[in-house]
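Asks: Okay, here's what each chain looks like letter by letter:
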Amino acid sequence: MGYQATIKKLGFSAIFDIKGDASAASKRISHLGLVLPSEVNTATEKDGQYLCWVGENHWLLLAPAEKENQLLETLAPHDPAMDCRIVLLSDAYTFFTVTGNQADEILAIASPLDIRLINFPKNAATYSELFGIGGLIMRRRNGYLIAVERSYTDMIAIYFEKVVTGKG
Amino acid sequence: MIKAPFRLPSGGMIDRRKHIEFEFNGKAYFGHEGDTLASALLANGVFLTARSFKYHRPRGIMGAGVEEPSCLVELLGENAAGNHPATTIRLRPGLAAKSVNCWPSPNFDLLSINQLFSRFLPAGFYYKTFMWPNWHLFEPSIRQAAGLAAAPDEQIPAQHYETRYWHGDVLIVGGGPCGLLAALVASRSGARVMIIDENPHPGGYLRASQTMMNGKPALDWITAIRTELDANSEVTQLWDSTGWGYRENNLLMVTERNPSEAHVFQRGWKARARHVILATGAIERNLVFTNNDRPGIMLASAVQRYLNEFGVIPGRLPIIFTNNNSAYQLAHELQAAGTKVTAIVDSRPTDVIGSEKNGLEIPIYAAHQISTAHGGKHLHAVSIHAKDGVTKKLDCDLLAVSGGWNPAVHLFSQSRSDLAYDEGLASFVPDKQAQKLSCVGAAAGMMNMASAMDKTVSAITTILGELGFESPTFTLPELVPSPNYHLYPLWHVDGMKPGDKAFVDIQNDVTLDDIGLAMREGFDTVEHVKRYTTAGMGIDQGKVGNVNVIGNIAKISKKQPGDIGTTTFRAPFTPVDFGSIAGQRNGATVLPFRHTPITQWNKEQGAIMYEAGARWQRPGYFPIVGGSMQDAINTEANAVRFGVGVYDGSPLGKFDISGRDAAAFIDLLYTNDFNDLEIGMGRYGIMLNDDGMILDDGVTFKLAENHYLMSASTGFADLVFRHMEYLLQVECPNWQVWITPVTSQWCNATICGPKARDVLAALGTSVDISNKAFPFMAMRDGSVADMPARICRVSFTGEVSFEINVWPRHAEALWLRIMEAGTPFGIVPVGSETSHVLRVEKGFLSLGHEVDGTVDPFDLGMGWIMSSKKSHSIGRRSVDIRRSSGKQRRELIGLIPESGGELVPEGAPITPNGDRIASEGFVSACVWSVVNKQVIALGLLINGRARIGETVIIRDQERTIKAIVTKPCFHDPMGHRLRG
Amino acid sequence: MLILPCPFCGQRDESEFVNAGPTKPSRPDANVSDAEWVDWLTVPENPIGYIEEKWWHAKGCGKWFTIKRHTVTHEIVTADVMPDDVGKRTGETT
Amino acid sequence: MAKFSAFSLAWNALSHHRNWTRYWQNPPLAKKYEVLIIGAGGHGLATAHYLAKNHGITDTAVLEKGWLGGGNIARNTVTVRSNYLRDESLPFFVKSVSLFEGLSKDLNFNLMYSNRSMIDVIQTYPKMREIRRRMMNGYLHGSSYSSIDVAELRRRVPALTGGGPESRLPIIGAMVHKEAATCRHDGVAWGYARSASTRGVEIHQHTEVKNLLRDKDGTIKGVETNRGTVLANKVAVVVSGHTTTITETAGLRLPIKSFNLAAFVSEPVKPLIDVIVNCPDLGVYLNQSDKGELVIGGAPDPGQSFRRDVKQNVFEEAVVTMLELFPAFRRLKLLRQWGGVLDIAHDATPIISATDIPGLFVSCGWWGGFKAVPAGGYTLAHLIATGQPHNVAAPFTLDRFHHLDFIVESGTTTAR
Ligand SMILES: Cc1cc2nc3c(=O)[nH]c(=O)nc-3n(C[C@H](O)[C@H](O)[C@H](O)COP(=O)(O)OP(=O)(O)OC[C@H]3O[C@@H](n4cnc5c(N)ncnc54)[C@H](O)[C@@H]3O)c2cc1C
Ligand SMILES: NC(=O)c1ccc[n+]([C@@H]2O[C@H](COP(=O)([O-])OP(=O)(O)OC[C@H]3O[C@@H](n4cnc5c(N)ncnc54)[C@H](O)[C@@H]3O)[C@@H](O)[C@H]2O)c1
Ligand SMILES: Cc1cc2nc3c(=O)[nH]c(=O)nc-3n(C[C@H](O)[C@H](O)[C@H](O)COP(=O)(O)O)c2cc1C
Ligand SMILES: [Zn+2]
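From first to last, the protein sequence lines stand for chains A, B, C and D. Heads up: the first sequence at position 4 corresponds to 1154 in this note's numbering, and the numbers run straight through without jumps. Heads up: the second sequence at position 870 corresponds to 915 in this note's numbering, and the numbers run straight through without jumps. Heads up: the third sequence at position 83 corresponds to 144 in this note's numbering, and the numbers run straight through without jumps. Heads up: the fourth sequence at position 61 corresponds to 136 in this note's numbering, and the numbers run straight through without jumps.
Chain A on its own, in the form it takes in the complex:
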């Protein structure tokens, strides 16, 4: 019974919200070896760090949890530089992975986003609707990574359980 899809709630990641001028943003993160994505709603990757271009002057930096302290120091998020602002948001999101042969089915239930490869390529990362609320969707090997605001974690978990198993 149910779909061949596995939902996993992930542990903590380091997340930084970057808003402002592109060249300033680019400078502020240059030491990480990351470049700004060249296409909207896509991400670049380096050493497990992802930089997602999610809004007009808006990027989201995702990194492994253990890098948080170092990033806090080097990105100086508390410094309200005039051209670009970086805010720590590690706690603000919960991540889930949706993987398996039928991961696409789960996404098609959860979101109106057109996830065909031509529209949502390998490096795609975008905010869209997920079970009625807003959330981040990224394509990953064999599935998707999604992030929702932490306060909705329990609700999203129930939804996933429901649609994967068909119970309730």
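A portion of the hints provided could be inaccurate.
[Said to hold, decoys possible] Keeping only pairs whose Cα atoms sit at most 25 Å apart, straight-line, the calculated SDA-like set for lysine to any residue is:
1) A/Lys-1317 to D/Ala-149
2) B/Lys-143 to B/Glu-66
3) B/Lys-481 to B/Val-670
4) C/Lys-115 to D/Pro-375
5) D/Lys-78 to B/Ile-187
6) B/Lys-546 to B/Gly-421
7) D/Lys-140 to B/Leu-120
8) A/Lys-1177 to B/Asn-779
9) B/Lys-932 to D/Asp-431
10) C/Lys-85 to B/Leu-772
11) D/Lys-366 to B/Leu-120
12) D/Lys-106 to D/Ala-460
13) D/Lys-345 to B/Phe-153
14) D/Lys-253 to D/Pro-346
15) B/Lys-546 to D/Tyr-214
16) A/Lys-1272 to C/Lys-115
17) C/Lys-85 to B/Glu-865
18) B/Lys-261 to B/Phe-519
19) B/Lys-1007 to D/Tyr-214
20) B/Lys-143 to B/Ile-187
21) B/Lys-481 to C/Lys-85
22) B/Lys-648 to B/Glu-865
[Unchecked claim] Beta-carbon label-pair distances, calculated as ranges:
23) A/Ala-1226 to B/Thr-507: 46 to 54 Å
24) A/Lys-1317 to B/Pro-820: 50 to 58 Å
25) B/Asp-499 to D/Lys-106: 57 to 65 Å
26) B/Glu-306 to D/Glu-241: 20 to 28 Å
27) A/Lys-1317 to B/Lys-72: 56 to 64 Å
Since the hints were derived computationally from the structure, they do not count as laboratory data. Heads up, the beta-carbon is just placed ideally off N, CA and C, and yes, glycines get one too.
We have chain A already, so just place chains B, C and D with the ligands on it with the hints.
Replies: Below, chains B, C and D with the ligands without anything else, positioned relative to chain A:
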């Protein structure tokens, strides 16, 4: 096992090896896999299957698919549900069904007495009577008689409905020859394709007829196509699925009834395609003559389908009555199956009857019509008459009628595309399309299969080109040539008399007489006729009858059907389960909900959880054993006033605001001045909307030059964010301000009460928390209980408060440490009920109580917050205009009700002298004050501030309560305590 | 459900957006008369035909944008970025 | 006018109903009338009826662009109620309900007015507080509410099996508004039209007003239609959602926007629910018609629209929330859905008013105005005939906008 008497020994597409037992109206029967309930009943010779809606006339099965106007049944047992056309129910083991709308049975129905009174029950009769003494007296019995099946049972087996999206290039509705062909060609081009059909098997007319393709039965051609489509991962085939709604931007609503996934009961698809192809075929209409509803009278297309798909001929002595040549095909096929048709009654003159009659050894009564059918519970003869009036009676037990074909333009019309009347078809056909869609096949009015398929290929080729796909090569199947469709409209037979029961809408019992009556009374447009007679408003939505209604209106008003037009085609095409529209959104997830890291702890403490703003779940209060809710609130409030309490303030909206123009932006938002705010300090502010009404209030801290942390009330945080982003992006696009919502990056536990500082000290903090070093409205970064924290000295309670903000990863640990460190001081958790008490005692405003969309800060006695230096802040101008009228305003006041300790209901009006007249104010909040040991209230009162000391009267319906008007603050008016 | 052309994200389902009503003329100066202010505040454009209106990509990128939409057909004729151009937008634009 | 009664029905049956006469006449369009009413919806026809009946003004023509009664009156969810919040609104709606109660007899036409109560099912405390405020304020004006507990609610509406303690929003109580009623919507238009026509009012269908015409001094002179110019001393625009399309031709700008509001019906079923059930927290309401179908409504589409169909997302919301309270309806079927075009004023309260153009009157902002048809017509007729607003409609004039004195009925209960 008894042989079903009307089943042919061979033929059909049923699986004769599989017998299925089922029950109808309490009796057991057998059918085969592949049967519908209707075909199985007909095979068993069950012809009287229903009673009509209004007159309870005996009825049988008339159609073979969704067009069925007559036989509706109620399914019993598991998945019980009513009003299903028997023609669309797949036979399955254990199926049990009964007729709707008759009691005790269709054979003996008590309400058939209505037939005797039918003369008194013309269309709209109820408008003319039942007025005295009043309608409500008659209503219950009339309601009982109406309606069809009972509503589904409350017991729902565990079933899962699902909704999902689909995005693709080409979506084809209809799996007949033209739809299948379109799907095949499109799939070969590499496009992403979806094809749907409401039948369990594709094929459409091919399954209902003996069409040969490439010299072989058409089924082979269908199988080959399916095999190819199956192998193409870009193709989605949905059978037993109805395309029921055509929305904007090519969004098709599809309900899939039997998905292959066992855990899904039904699935609602929201399918969006770049191009939609409607290959929905055509629906046959019936003919209008006296007693045209008798059991045994069926659509010719239905008889043909029963013969070919199910191996059933539902009669021994068939007659065909037609106004066109398509029904001749049925005569040929019956003849081939060994059943001789008694006669064809064709209303067309002899000279237009062409090759269709070749090879038929049957009397053809050209230029003849059937004037009446004979027989009550089953047809046994018909009277026919010629143009010259000679009549004749012919025995028969099956009458196959064909009034011509109506292209199934339902979805086309729903897409807002235009229809046109086609004289040749005497029906409505697609005209101008309003979206990216095309019609092919019979739906486009192409009634000749060979040319319809030919045109389908050219249509799909063009579409694929437009979509950027290369057209694949393809060869059309070879078909036996058939004569071109020919019809002369016959809206009703000649020589009808007043009182004859000739039905235009079978399901709603609307007769030709009713149409005439409506028009005589002035209801002369098609929409009026529909609403006056209810024609076309049944479960079938008039699929076989509507065009006859239009034709007859035209005839009576001496106009063309094209001038009359159709009624509006609306979704759904056929009724669909509400469950398939709602899908998985139910129960716990019907609305979003939000938790903080402390929610679980709160629940474990037995807190009564409330729905707070923005879908947060918050504790309302923490019940105490053996105590009332008021006891619990008093305990919590006492703790805060005299000891210490703590609450989880995490849902409060928080925004990090920075950038070159941040200060100017804050200044624009709030009515008060922020430009003299020092770094590390916060200030309370009020925001207005453009109407000059209060939008939100909250405290904003200045973290650095042009860097602020703004808090917004829980319920309005989203609105505030939207408001700010709008101003920035639309009105001030050149300002440099960045806003990051940080609500979920910070949790807070707020310790409040005279002993709050002691608890914080006991927790251990790196911050100097003395009042001098850390004054009210200041903010400090540091550590608390070894966790990084930001402490703010704000107070929503009127007592010393420390709002300890930490990252959520630490929130639970902090909370537990607070409870532990606070225990010696008697700390208790505090819910929102208590917060309410505390803020009322202080006269702090609350959105939703005092602020009800009508007040400005002056009304609340907060004129000081309307900076005189700023006319530009949002909403200021509107406030000034409103106040310039000089009209008296309702102002915030306190009230001490003389209610003897009983709370006054919040919202109770205050009226002049307590009279039952328009109010002069109302009680916005009322609580038991733990400091005043009495009931206190806040309210808004006309001219209230000038009336302090007056006694006013609150009126709760019959009860009046005197109250003394006071200043709106009952505790520590100078604010010494919260600054302490 | 419409498909709306977000200037940043491209074509997205309406359910991701918030409709904020017709575009207003820009905020009047302080010196306009009360009547002019009231008119600006309360009287919207309300044509049968094309209307310029504001949308917010609330569940998406957060962009506020303007489209011109027909109030009967709901057809969108102009937008900050036309549907066809959306998605072609690449590169660091500032 | 043929009198309608059980006797006349029986008498006419003898002649197979061949002798019934037209409900409304079809006279030629004259050049000039005393009063022109634009829009043969509920409000327009009621205005014509009361002008004739109460004020003796019968030189009136009602101009209708489509078929009589084909606007919103043909497409509303038939809820009649008076449970408004504000002192400014309550007297008007109380008056309307009382006119409705005697209307079938007044018009000699069975409107199937069914006084069946509305039950507000309450799931949150703020909503409970708001409804109780309505109860206490309504009481002052003769609009009642009484509270029932959950057990009593379930007894009165057995089909309501959702909203239990485990659900997302458990039901905490219910409030009964007993004046609430349903009524055969089309019948209201037909009954008023029949009565007005009998009194000499002319009703011209398929007559679309294209422009308002004004004298040199600015006063109203008449209208331009697809059938030519028609002059009049007074003109009333009573076209619901289409108001601005007419007033703007005379440069009159109004604080209203037009929206699409949709409704839907289920397949007909045997009697199941004999009250109007309203769920303000979830935003859905329903009642069962005499024919058996459930008539269900939700919230308007927030986008401006002059379109009469349905937005899927808005519709879906109504279905989802209905099923939360009536889970068994998952297997009930949708039969038909449709929409209407309504106008909503800046403060969401209706407008019945003279305008800056002498002789021109407007009645608009009727987004829940079926219930208001009798009082709307009654008071507009009063205004047209006397030049003074009727006292129960006095707060509804356009003057209130001059000083932004809004009548805020926000947080209003869902039922239209
Ligand atoms: C789905 C839905 C549910 C509703 N539910 C309720 C409810 O439960 N309770 C309630 O009280 N109210 C409800 N309403 C609101 C109610 O239907 C309307 O407020 C009310 O019908 C409007 O008044 P009316 O009848 O005069 O308007 P309409 O019937 O719309 O009449 C206006 C007429 O003006 C005509 N017209 C327009 N332009 C011109 C022109 N240029 N020239 C000539 N004629 C013109 C139109 O064709 C139309 O016939 C609902 C509305 C909708 C759409
Ligand atoms: N007796 C006759 O002469 C006769 C009668 C009918 C059709 N024809 C011929 O057969 C050809 C029919 O081919 P066709 O492919 O156009 O039509 P078709 O009738 O063979 O197929 C249409 C299919 O669409 C399905 N359908 C309709 N509406 C639907 C909806 N909303 N959702 C899901 N499925 C839906 C129907 O169930 C049917 O299976 C025509 O060209 C016509 O010439 C001949
Ligand atoms: C209270 C009410 C009940 C209705 N009941 C039915 C019904 O039982 N069957 C039906 O087909 N339509 C029903 N309708 C819908 C009408 O057929 C029609 O859709 C509505 O009047 C709007 O008109 P339109 O669809 O022609 O635009 C009902 C409408 C209303 C307002
Ligand atoms: Zn976007």
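Asks: Could you tell me which of the hints above the structure violates, numbers in ascending order?
Replies: Structure breaks hints 1, 3, 7, 15, 16, 17, 21, 23, 27.
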